[in-house]
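Colleague: Read off the chains here:
2 protein chains.
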Amino acid sequence: MDSHVEADLPPALACLKGADTLLRCPICFDFLSISMMTKCSHNFCSLCIRKFLSYKLQCPVCNTGATEDDLRNNRILDDLVLSFRAARQQLSKVTFDSPPISPKT
Amino acid sequence: MDSHVEADLPPALACLKGADTLLRCPICFDFLSISMMTKCSHNFCSLCIRKFLSYKLQCPVCNTGATEDDLRNNRILDDLVLSFRAARQQLSKVTFDSPPISPKT
Ligand SMILES: [Zn+2]
Ligand SMILES: [Zn+2]
Ligand SMILES: [Zn+2]
Ligand SMILES: [Zn+2]
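Protein sequence lines correspond, in order, to chains A and B.
To convert, note that position 90 of the first sequence is 90 in the numbering used here; the numbers rise steadily by one, no gaps.
Throughout, the numbering used here is defined as the position within the second sequence, counted from one, plus 1000.
Worth flagging that the hints you see were computed from the coordinates, not collected in a lab.
One thing to keep in mind: the hints can contain errors.
What the hints assert, rightly or not - FRET-style restraints, in silico, Cβ to Cβ:
no.	chain 1	residue 1	chain 2	residue 2	range
1	B	Lys1056	A	Arg85	24 to 30 Å
2	B	Leu1082	A	Pro11	20 to 26 Å
3	B	Gln1090	A	Arg85	14 to 20 Å
4	B	Asp1069	A	Gly65	16 to 22 Å
5	B	Arg1075	A	Arg85	29 to 35 Å
6	A	Asp30	B	Lys1039	46 to 52 Å
Even for Gly, the Cβ is constructed at its ideal location relative to N, Cα and C.
Could you put together the complete structure from these sequences and hints?
Modeller: Following this line, the structure appears as structure tokens:
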């Protein structure tokens, strides 16, 4: 939940913007934290969607009816968030700090 | 389903290996194609898991009981596969073809 301290993507990593957006929660806009999927296949942080459903029994994205019982852990997204953030940090170093890598000849 | 023609990750992109692995189907080892999630939160290509379940009613990863009716589309993974493959191709160009990018001073 500390993504706000991360710098914007450097221009060389603009191509990661799509994955960055997909891995964020549509409620809090932070990276998904304990991802839960609704029946309608939308994903939210566990806390965010539970809070929302306690107020209104529908998906905040598509308005399909939804209950807490329907929620299913989408654990692969938690793993992808970790992997993505580590890769992004690593790539920021490569594209900015390293000497150019010559293609194999 | 054409990932086999893709080159291995260049060394500068080794940090993408984790995401690459997560986005592959545990049955066919190709990138997920029409991702379906079981109740136990494991993901497979739609065709791969339906074929498997017609033979045995359990998850191929953790052996929990599973049926076709329990499957839920995990569409965000299809979007992530597309986004990841595009980014990887783009980054291969950046890390191999471009002049070095100087850090801002
Ligand atoms: Zn959230
Ligand atoms: Zn929805
Ligand atoms: Zn498959
Ligand atoms: Zn399983």
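Colleague: Please flag the earlier hints that this structure goes against, numbers listed from lowest up.
Modeller: When the structure is compared with the hints, numbers 1, 5 and 6 turn out to be violated.
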